[in-house]
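S.K.: One letter stands for each residue in the lines below.
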Amino acid sequence: AQSVTQPDIHITVSEGASLELRCNYSYGATPYLFWYVQSPGQGLQLLLKYFSGDTLVQGIKGFEAEFKRSQSSFNLRKPSVHWSDAAEYFCAVGAGADKLIFGTGTRLQVFP
Amino acid sequence: KAGVTQTPRYLIKTRGQQVTLSCSPISGHRSVSWYQQTPGQGLQFLFEYFSETQRNKGNFPGRFSGRQFSNSRSEMNVSTLELGDSALYLCASSPTRLSEETQYFGPGTRLLVL
Chain A
1 AQSVTQPDIH ITVSEGASLE LRCNYSYGAT PYLFWYVQSP GQGLQLLLKY
51 FSGDTLVQGI KGFEAEFKRS QSSFNLRKPS VHWSDAAEYF CAVGAGADKL
101 IFGTGTRLQV FP
Chain B
113 KAGVTQTPRY LIKTRGQQVT LSCSPISGHR SVSWYQQTPG QGLQFLFEYF
163 SETQRNKGNF PGRFSGRQFS NSRSEMNVST LELGDSALYL CASSPTRLSE
213 ETQYFGPGTR LLVL
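Just so you know, the sequences run in chain order A and B. Following the numbering used here, the numbering of the first sequence begins with 1 at its first residue and continues without gaps. Following the numbering used here, the numbering of the second sequence begins with 113 at its first residue and continues without gaps.
Extracted from the complex, chain A is given alone in its bound form:
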């Protein structure tokens, strides 16, 4: 069955520190992978996506993610976190042509 696992429910980092959010997927075919961010009371904003090609993907707000087929992973990274990055982050896989399967999310807290 198709699934996405985000093993970290809650992560706390200091402002300026580096960040890595983990995402593992289970999908039989070539996956389409996404990272979205959600601020409280808001919808989802796309950070970056992987469809094919270069496995290191650059996104908005200084985020990047690396697709590793051998590990079924698509981890999100940022070299230096800003207080405004505090939010909930969702990894998702495109299941078939028309729907997304989401992970349970990782809540990021940033301390000054």
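Wrong hints could be hidden among the right ones.
Restraint-style ranges between C-beta atoms, simulated for each label pair [as the list claims (entries may be wrong)]:
no. : chain 1 : residue 1 : chain 2 : residue 2 : range
1   : A       : Glu66     : B       : Glu213    : 19 to 25 Å
2   : A       : Arg107    : B       : Gly196    : 18 to 24 Å
3   : A       : Ile11     : B       : Gln153    : 17 to 23 Å
4   : B       : Gly128    : A       : Ile60     : 24 to 30 Å
5   : B       : Gly128    : A       : Pro40     : 26 to 32 Å
6   : A       : Ile11     : B       : Pro120    : 42 to 48 Å
7   : A       : Ala1      : B       : Pro151    : 19 to 25 Å
Simulated from the structure, these hints should not be mistaken for laboratory data. Computed from a predicted structure; not experimentally measured. Ideal placement from N, C-alpha and C gives every residue a C-beta, glycine not left out.
Use these hints to put chain B onto chain A, whose structure you have.
M.R.: Same frame as chain A, but now just chain B:
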């Protein structure tokens, strides 16, 4: 371009009532998907429409239904509301289909069932 818009943003209903939520996709987008977000179940796919046809459906009871109009606007309806239907309902649009394009999400409609 204007983003995905959803109306209303907030809604309070009582058990047994029905509710209709509306979604206007980004101009030129023909695919509209709906998702339910709850603290317990997370983000779950409801259904997807393209050119007024439902192409895909998630594992929700028949009380949840939707439709799409010729201008790509979409509505979803929930009949005989239950307490567990309290959630944030998110709409997303894409030009054609997810395998080729990205889905862009609206701000959501927060439904509270009392």
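S.K.: Does each hint fit the structure? Answer for all of them.
M.R.: Here's how the hints hold up against the structure:
Separated by about 22 Å at the C-beta atoms, A:Glu66 and B:Glu213 satisfy the suggested range of 19 to 25 Å. In this structure, A:Arg107 and B:Gly196 meet the distance hint of 18 to 24 Å, their C-beta atoms being roughly 23 Å apart. A hinted range of 17 to 23 Å holds for the C-beta pair A:Ile11 and B:Gln153, which are about 22 Å apart. Our hint of 24 to 30 Å for B:Gly128 and A:Ile60 is violated, since their Cβ atoms are close to 43 Å apart.
In this structure, B:Gly128 and A:Pro40 meet the distance hint of 26 to 32 Å, their C-beta atoms being roughly 30 Å apart. Taken as a hint, the range 42 to 48 Å is violated for the pair A:Ile11 and B:Pro120, whose Cβ atoms sit roughly 34 Å apart. Range check, A:Ala1 to B:Pro151: Cβ separation about 23 Å, and the 19 to 25 Å hint holds.
In the structure shown, a violation is registered for the earlier hints numbered 4, 6, in ascending order.
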